[in-house]
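Let chain A serve as the given structure and place chain B on it in line with the hints.
Chains as they are written, first to last, in this note's numbering: chain A, 1 to 379; chain B, 380 to 778.
No lab work stands behind these hints, which were simulated from the structure alone. Idealized CB from N, CA, C, for every residue including glycine. Check before you lean on any hint, since a few could be wrong.
Stated by the list, open to error - Rough simulated footprint, nothing fancy, chain A against chain B, three-plus residues with beta-carbon under 8 Å: (1) 656-663; (2) 744-757.
What the hints assert, rightly or not - Over the 10 Å line for every Cβ pair with chain B, so calculated as not near, a few chain A residues: (3) Asp34; (4) Thr74; (5) Leu141; (6) Ala180; (7) Gly229; (8) Ala230.
One letter stands for each residue in the lines below.
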Amino acid sequence: MADQALNVDFALNEAQEMLRQTTRQFLADRVPIDVVRQLADAEAGFDEKLWEAGAELGWHSLAIPEEYGGAGYTFAELSIVLEELGRALFPGPFLSTVVMAADAILTAGTENQKQAHLPAIARGERTVGVALFEGPRGANLDDISMAAEPSGDGWVLTGTKTNVVFGQAVDTILVAARTAGGLSLFLIPSGTPGVSHEAVPTLDPTTKQAQLTFTNVSVGPEALLGREGAAGPVIERMLRLAAVGLSLDQVGGAQWCLETSVEHGKTRFQFGRAIGSFQSIKHRCADMLVEVEHARSAAYHAARVTGHEEELVIAAPLAKSVCSDAYGHVAGETIQILGGTGFSWEHSVHLYFKRAKSTALMFGDARHQRRLLADALGL
Amino acid sequence: MTDTIKAESAEALVGERLEQLLGGYDPSVEPQEFWGRQYDLGLAWVQFPEGFGGLGVSPKYQSVVQGALEKAGAPTWNRELNLLGIGMGAGVLAAHGTDAQKAKWLRPMFTTEDMWCQLFSEPGAGSDLANLSAKAVRDGDEWIVNGQKVWTTLAHIAKWGMIPVRTDPDVPKHAGITYFIVDMKAEGVEVRPLYQITGEAEFNEVFFTDVRVPDEYRIDEVGAGWRVSMTTLMNERVAIGSRAMPRGGGSMEAAIKAWKDYGHADPAARDELVQLWAGWEALRLTTLRANQMRKAGTPGPEGSTGKLAWADLNKAITAFTVDLMGWDGTLYPGGYVLHRPTEFESEGSPQRNFLRARANSIEGGTSEIMKNIVGERVLGLPGEPRVDKDLPWKEVPRG
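In isolation and in its complexed conformation, chain B is listed as follows:
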């Protein structure tokens, strides 16, 4: 079959399935039921194989699907609701999972019946993730997991967790890791809120004490966990990096509001405001350009700078916004109330956003690690010499 014929038949297939999904669309249908039908028709992630929520066609048709859903007013917020599952877990299962694993997990993930979380960071393994020490020991057809994970988003709501653990301490760190899906409701899993700088607990600490995980829940080979973790992180960066934003949107909106509300006119402050505005706009244009290049199949370095730039700018803009508020900036409306939000809270007072922004250059890869990645993978600079590379993991100093 030539590429043109392939493309035409793919387009026709997507169109036909969309017609089945949206023809006579009834807005009173429960979102979860709708998402189930979307999955069954192969329109969840079109590039996946048939039977697993896809049609085996080019991923570019997904934007056709999204466009049609939005136009019809159909629910599309499952991805945001279950971001760690749909945004990251699905890609991991597609690349490394068995058909049985895909069949078990993909559908309820897509419908949000089963929420997902990602159990990566540990108290002793942050930037150096491969140094992780939570461990699993084989016991017949099961594995017994012990250890602690930290900074886990939505762990208290999630049904399933993606977890790399150490299964062989006698080999160098990257080689001794195995990746599992763990039942967060299983015996021995304890989830505690981790209160942060703002008083909220968006994240959790998760303790595993003799948690039994069936071997069927292992993703890919024993010892292949580092590779699977990299797939997870790559999906994460795409999920974070490609978010579009309107001009002057996001935290810049609050800065402009404060500028106007507090009647500022000082030329030095005006220059600072516009400098931040310009940086924010250049970031927005770069995101647009990166998305266009990715869609055109010619991605370049513009796709790798977004998170770094965003973290610095968001910190600067939220700090400047509080500056514009003068004495009001010294207040904290509502006070610090220790609480546990039930979903992502992106809105808040300028003071809260100022504090929350400090995490931007830490979460999802610190800016230092991001700069190493950009320097080495994008610019091709040589890596840092690593003293722990060839040592058995158990002999590497840590603390």
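So here's chain A without its partners, still in its complex pose:
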């Protein structure tokens, strides 16, 4: 157990402040809530032009090293974008492509694989879906049982993967399967013969999902990411980064909810008073602020220790558990404060409420994260 916590610097430098401003401005201009709603109604669930525009702003390349076409910054910079995307309910496979797959390729890929994929991800020319689990409880390595058999110098994959986020729209799939050598990862084009997808309706319409079926999918040796049987630690790291990425998305969304509640408290009048003057509303808002600030601290801390695995095993589940609980509660409180309006289809808060629950359950819920945290702390 790391008794000595790694203390990080929370303050943003000028360039980071600038990144936050330009990101927020771009999202306000190009991805206002009406656009989010349109995309939520469409099958693909995201807009390739927006995806490319985000990449042009540099979002995708931030945490990719310069030698692979990236900007060579760190997760701290990427975290700013992730928070703003959550605030705007940005729909798209950003987490799976830029946070999860890019890191896995960087961590485990061969030099050829890095050259083949990372510059494309940095330029916004690649979307990757991460296909790990095979049922509703999927959160651990034990939940992966799909097989990959050797065939010639390549492999044949057969099985079904559930809950692949944006699996119906991505061009590349990072899929986990077991070989004789153990747990392995394969990176394959979505259009490979034998791969079929079935979009499934989702609770959160800004986060699409598909079930992927692999029927005797034949792939070459270059599809194996790194070494056969060595994917366990890679996937575990990917799950930790997913937890951090989702935490930041949750902080952004929770902050929007808090601001919306406060604004309503100032402008909604009942009994001749702004309802925010009632302690029943004011105290709820104060409680929400405490939760959001705690969530922010946990997420920002985690985003600054992604390069320190022994701290990340604590920081990632801490962030995901704290932020999931905070976002769920704050979004629910916002509906309550908005009253009937909050329950309506017309107001946007339901989209935040849905994203709060969806992000909480993805890749291990708060209870699961607390089990991981307890293990890491030796409790």
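Chain B in isolation, oriented as in the chain A frame:
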């Protein structure tokens, strides 16, 4: 002078004074004597003017001073010892005191020769502090103070007390208050221990019967006492809120110890333990972040949530710790002994800490009042309508 030159000369000045204080530091020097030298060299609170324990430079250099003192192994516990003086009273004198008042009180406060206490709460004025009814009536160059204060920490040890009293009952409550420094050893001041839920008496009741206070002991204008009280409370919240703590420290340490000592393994209890741990850690990180932002000169809302969060978490963690002890949790080691601690007692059995924690959401501003403050000052929500705002104080119903 440009800012850069100013900064360089300030740094050089602080360095030079530190060299004078710590060059050839002799650990056998009595702490009070050391603190006196620290004060005289302007290193007590560097942002104060020269001659009053400061150098008139940016307060950020105080952390340089603290770092150097700690590194040299010099005594630094005067602040903790005389927290109400150094942590709060000094700020009040700096903002509102005359030079004569600063000269009289600051040095012996800093050296801890004179301990200080804060006489705010009354039986009829808790959350509604401005409703206070202890009063002072002018008599020539003196004021005559009568009334009762309560929940006064260290009143039995203190030499000086900070006291807001009513000097004009005919105006609305905030306007009729004046702030004094009162000699706690003066005739007519009676201090009685106030025994609390744990059997200890950390606090006192203080009775004032015709206590004469010279007008030179008045802080700021007659009727300006509310403003001075607010300065005091702001200093208090900074003093309480910014305490750093190690990961898993404080009450969490006892919870983890009980978890291990009693051989727990139940998954539901484990989840609860880790949930508390996570909340405690998020609080710690928020305190760190708030301190960093404050130092960087960009304080945000993260600096205002600490006390609220801490109170709830500390109550929950200390209660959970007793739960983990089973039948042992029903015992009270040593029994309830009515006694009066001579200094802050922060340690105790888990059962004692469980009881003591109930005060966390009451002392130094109840959580309800803190939520009003956060809601109104941080989030900008409108205030509660106040029925007593424009009424003369004497016409406001109370009880």
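Status of the hints after comparison with the structure:
1. Figure legend: the region 656-663 of chain B, annotated as covered by chain A; annotation consistent (7 residues with Cβ-Cβ distances under 8 Å, at least 3 required).
2. Note: the region 744-757 of chain B has 8 residues with beta-carbon separation from chain A under 8 Å; the three-residue rule is met and the coverage holds.
3. Every CB of chain B is more than 10 Å from the CB of Asp34 of chain A (nearest about 27 Å), matching its label as outside the interface.
4. The Cβ of Thr74 of chain A lies farther than 10 Å from every Cβ of chain B, with a closest approach of about 18 Å, so its non-interface assignment holds.
5. Listed as outside the interface, Leu141 of chain A is consistent with that label: its C-beta sits roughly 20 Å from the nearest C-beta of chain B, beyond the 10 Å cut-off.
6. Interface exclusion of Ala180 of chain A from chain B stands, the closest Cβ pair being 35 Å apart, more than 10 Å.
7. With a least CB separation of 32 Å from chain B, Gly229 of chain A remains clear of the 10 Å interface cut-off, as annotated.
8. With a cut of 10 Å on Cβ distances, Ala230 of chain A stays outside the contact zone with chain B, its closest approach being about 30 Å.
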